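Trainee: Now for the letters of each chain:
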Amino acid sequence: MKTNKEKAKEISKKAKEKQKSVLESLKNHGAKIYEDLENGQFPKFSIPSRSVSNIVYDKKLRQYILGNSNALRSAKNSAQLRSFTQLMWLAFFANRLTQEKKSSTLRDVYYSSQAFAIEFEDQSESDNIIVDLEAVTSRPREDFHIFPEERSSIFGDLNIEYTIPGYEGKKMNLSNHPDGYSIGPSLTTAELVDTSAEIVIAIEKGGLFTRFVEEQIDKKFKSIIINTGGQAPRSTRTLLKRLHDELGLPVIILTDGDVYGEHIAMVIKSGSANAAHLRELTVPDAKWVGVWATDIEKYKLPTIPMTESDIKRCYDLQKDPRYESGIWKKELEVFLRLKRKAELEAFAKYGLTNITDKYLPQKLELAKSL
Amino acid sequence: MSSIKEKFNQISPSEFFYSNRDLAGFSNPTRSLYTAVREFVENALDACDQKGVLPDVHLTIKAVEPDKPDPKPYILTVKDNGPGVDAKHIPLAFGTVLYGSKFGLKQARGMFGLGATMAILYGQITTNKPVVVKSSTDAKIQNQFEILLDIQKNKPVIVKHTTKEISKKGLSVSICLEGDYSKAGNKIRDYVYETSLITPYATITFDDPKGQKFHHPRFVKEIPPPPTIIRPHPHGIDVERIRRMIVESQFEIPTIDDTMIEKVRKDLGLSKQNLSFSAIMAKAKKKWKNLSRQVRVVIALMSFLKMDFEKLSKIRIEDLDVPNKKLYYWDFGDSQSKTVEMDPESQYYKQLTNTVQGEPLTTFLTKRFQRIGPTTAVKFAEFAGFKPEKRMGTLTNQELVNLSDSLQKFDDFMAPDSSCLAPLGEGPLEKGIQKFFNPDFVAVVQRPASAYSGFPFIVEMGIAYGGDIKTGGPHVYRYANRIPLLYDEGSDVVLKVVNDTDWGRYKVKGDPPFIIVSHICSTRIPYKTAGKENVADRQEIERELRLGLQFLSRKLAAFMSKRGQAEMAKKRANLYAKYIPMIAEFCTELAGKKKQPNYKKILDELEPAETKQTETKTLEEEKPIENK
Chain V
1 MKTNKEKAKE ISKKAKEKQK SVLESLKNHG AKIYEDLENG QFPKFSIPSR
51 SVSNIVYDKK LRQYILGNSN ALRSAKNSAQ LRSFTQLMWL AFFANRLTQE
101 KKSSTLRDVY YSSQAFAIEF EDQSESDNII VDLEAVTSRP REDFHIFPEE
151 RSSIFGDLNI EYTIPGYEGK KMNLSNHPDG YSIGPSLTTA ELVDTSAEIV
201 IAIEKGGLFT RFVEEQIDKK FKSIIINTGG QAPRSTRTLL KRLHDELGLP
251 VIILTDGDVY GEHIAMVIKS GSANAAHLRE LTVPDAKWVG VWATDIEKYK
301 LPTIPMTESD IKRCYDLQKD PRYESGIWKK ELEVFLRLKR KAELEAFAKY
351 GLTNITDKYL PQKLELAKSL
Chain D
371 MSSIKEKFNQ ISPSEFFYSN RDLAGFSNPT RSLYTAVREF VENALDACDQ
421 KGVLPDVHLT IKAVEPDKPD PKPYILTVKD NGPGVDAKHI PLAFGTVLYG
471 SKFGLKQARG MFGLGATMAI LYGQITTNKP VVVKSSTDAK IQNQFEILLD
521 IQKNKPVIVK HTTKEISKKG LSVSICLEGD YSKAGNKIRD YVYETSLITP
571 YATITFDDPK GQKFHHPRFV KEIPPPPTII RPHPHGIDVE RIRRMIVESQ
621 FEIPTIDDTM IEKVRKDLGL SKQNLSFSAI MAKAKKKWKN LSRQVRVVIA
671 LMSFLKMDFE KLSKIRIEDL DVPNKKLYYW DFGDSQSKTV EMDPESQYYK
721 QLTNTVQGEP LTTFLTKRFQ RIGPTTAVKF AEFAGFKPEK RMGTLTNQEL
771 VNLSDSLQKF DDFMAPDSSC LAPLGEGPLE KGIQKFFNPD FVAVVQRPAS
821 AYSGFPFIVE MGIAYGGDIK TGGPHVYRYA NRIPLLYDEG SDVVLKVVND
871 TDWGRYKVKG DPPFIIVSHI CSTRIPYKTA GKENVADRQE IERELRLGLQ
921 FLSRKLAAFM SKRGQAEMAK KRANLYAKYI PMIAEFCTEL AGKKKQPNYK
971 KILDELEPAE TKQTETKTLE EEKPIENK
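The listed protein sequences correspond, in order, to chains V and D. Number 370 marks the last residue of the first sequence (this note's numbering); no jumps. Number 998 marks the last residue of the second sequence (this note's numbering); no jumps.
Isolated chain V, as found in the complex (with noise of 0.2 Å):
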């Protein structure tokens, strides 16, 4: 056994070590463009092309990526020159960030860009060049201590140890706030020390995820409780990933008995493709339990009429690889045929504690056999 002062060297050694990959890329990728203009060059470099066209979903992976389609970005096309530069800017301004190990914002970084003259017509452009560098160097931003803003929750029996300065080396056990731990840079970037927990239940819902508290779920059934918050944020797909991958836990997913409910959970499961360019968000493993179209009618659960636009998403669904098989394809035929949604909530017909009494347990069961 590792004395638990070995144990945080041996941590801070891994964020060290991981700080200084980060840096070492973008220290390659800076000394290229120096070199370039040091030789009369236009500086250029080549970015995998995000357009439409060239996100597929690979089947060995389990989940959406770029496909070979590289695109040309160069100082010398004067079109592209202000957003070459933005991009150098931000590489310039992670590597500060990750240097002195001080985490941001999506927002943060479009105000800072206002420090270096940079321009950015609005925050959407500056969110644009992050995903780019994303891209360019295939790390999530929170490798470059750029995180989101919006906030999910964990709760459960899992001991933690902070890396981020100032509390490294700093333990913390997740079950001692009954409100759950917000899911932010410190709690991602977290070590993941042991846990009793032998699952991990993602919700949709903060109101079903206080319940669960309240109804000591993760004792009843030794999980880790996670409230994604609608769809989950990208800090909380890698929490969920490192739960899965370093921990071993399975991933069970409940969402709301509707399209964007079975679509939050194949996210979770194999990535959006927005984040094609990445592989450190997917958990292929995670298995989607419901609310599905058929418990709506195995559940007598009250419903509400789908809008034209649930509808809509059905149909685009359908186009979707991945959903042309399974319980994916087989449930959103059902939504189709119904016509009609049912939240989590709609369990409390049966009494408030319904859903944790005698949904979950058929489920957990159930999640077993997928």
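For the record, the hints were derived by calculation from the structure and aren't laboratory data. Please read all numbers here as calculations on a predicted model, not as lab measurements. We treat Cβ as the ideally placed atom computed from N, Cα and C, and that holds for glycine. Warning: the hint list may mix true and false statements.
Straight line, CA to CA, 27 Å or less: simulated BS3-like cross-link-like pairs of lysine-lysine [stated by the list, open to error]:
1) K20(V) - K970(D)
2) K971(D) - K32(V)
3) K18(V) - K964(D)
4) K27(V) - K970(D)
The calculated label-pair distances, taken between Cβ atoms and stated as ranges, are [what the hints assert, rightly or not]:
5) K971(D) - E246(V): 27 to 35 Å
6) D838(D) - V131(V): 48 to 56 Å
7) N68(V) - D838(D): 56 to 64 Å
Assemble chain D onto chain V, guided by the hints.
Mentor: Here is chain D on its own, set in the frame of chain V:
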């Protein structure tokens, strides 16, 4: 001219204008001062133009009592270096209404010189001061008149007439009138400025009442060819005009008195001899070609009368009845009227019918109108339903109306002769625009002559962009017969055409520094109102303006896109100059270097690199990312 005068003789023309002075632009002190300036300056320029003298016009406005508030009396003097006016014409020209030298069919700034007399009249009724005219036609003697108008009688009253020696030709007219310079000043300065733009061969000087001097020296040394007086075009004619022309084409049977007989004798070379009738006729036949029309008519009459000179002096021709082929005369000796039968086969018969009935239609058309040849004349006669040889003198009133209508309707007449027009010409116009606006771009065009209702006209236009031109354009400078049109531009045909143009199509956008000069020359400008400030949208004129403007706009568009390219290149160079150092700065820190890379090289080499923009074909062009 005399016939026009007669029309107004019921009340005196000056009386008429006295009570209707607002018609001529003398409604208030502001407008009157401005109109008076215009009238005198235009007369001065016209006088010089017509004699081919490079005009040197000096305008002075002086307050009689400078400290009095406006409106107050001003002395307005316009001096030129033109041909001057003969002393004997001065009292009538400046002391009566409707007397002048401008009654021909050719382009001039004013029509009858009426405005100048109106200014004099207005000056007299507001200040009771005479007009002072100084004129020298020979550069030796100057006649100086002080004249008052007798309004009721439309007659000049010469207050004073002196002469003195002088060394310069020219005319100076000075009136005292009530005016408001504080209000009219802007107008007058604009007028002088814009006039000197369209009259680049003139030197115009203006001394204003505040002691300021506006001097516009000529910058073109050649005077454009003066317009010529031409015959009318058939499309521009009316019944009254034809009637007058017919009268001109007819001749009365000459009175055969002693003077006439003496003239015939002289023309035939018979002053010393007394020949018999047949000898006279033989002599006449021999000399026929050299005889004047009058003498020919007398000989023709003699051929039917069969009389020698002796006998001829004792009769008086009473009537010539061509349809009945009879000649009536009074014999003094017998004291009775006698008749002679005329033989229509006689060669002299034609001479007589010609005289009485006027010219045949075809001759009338070819001789009296411009640009009608014999073929067209015959074609027209057929179109109008007249025999080509129909005598003009025999037309009934109804036939006259038919003829006039047909002249309007016949489409095969050639376009009117434009030699009566005096466009400025592309060269001087361009020079003028260059000098006045110092633009980055200028283009001018003179359209070929065209016509509306038989009045020939020429459109000249210029476009200038950039340079010293103020933004907020297009600013339109309108001219008609070299007169700037300063007001009422809202409803002008030029403005209509300019406003109809989609300038965006010609790459003119935003608040452009951009001017348009348009000059319409015509024997008759179709002004919309008596104020002579806006031109009516006659379809033919509108079309010429449009074509001219389109031609120039295309040139402007070419300039603009060139300029756009240059600006783009500059903008791009600026982009590199801005961003490359930034890239250098960022990559220096990223690469962990201390010294920045030497990027100056690529900035210096930018120009050649810029021209060739190649993209690697294997690499896909970057597209905006679509969010799913």
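Trainee: Are the hints correct? Go through all of them and say.
Mentor: Structure-based check of each hint:
1. K20(V) - K970(D): violated (33 Å)
2. K971(D) - K32(V): Holds, at roughly 17 Å.
3. K18(V) - K964(D): holds (25 Å)
4. K27(V) - K970(D): With a Cα-Cα distance of about 23 Å, the restraint between K27(V) and K970(D) holds, given a limit of 27 Å.
5. K971(D) - E246(V): 27 to 35 Å: violated (50 Å)
6. D838(D) - V131(V): 48 to 56 Å: For V131(V) against D838(D), whose Cβ atoms are near 50 Å apart, the range 48 to 56 Å holds.
7. N68(V) - D838(D): 56 to 64 Å: Distance hint for N68(V), D838(D) holds at roughly 59 Å.
Hints 1 and 5, counting from the list given before, are not met by this structure.
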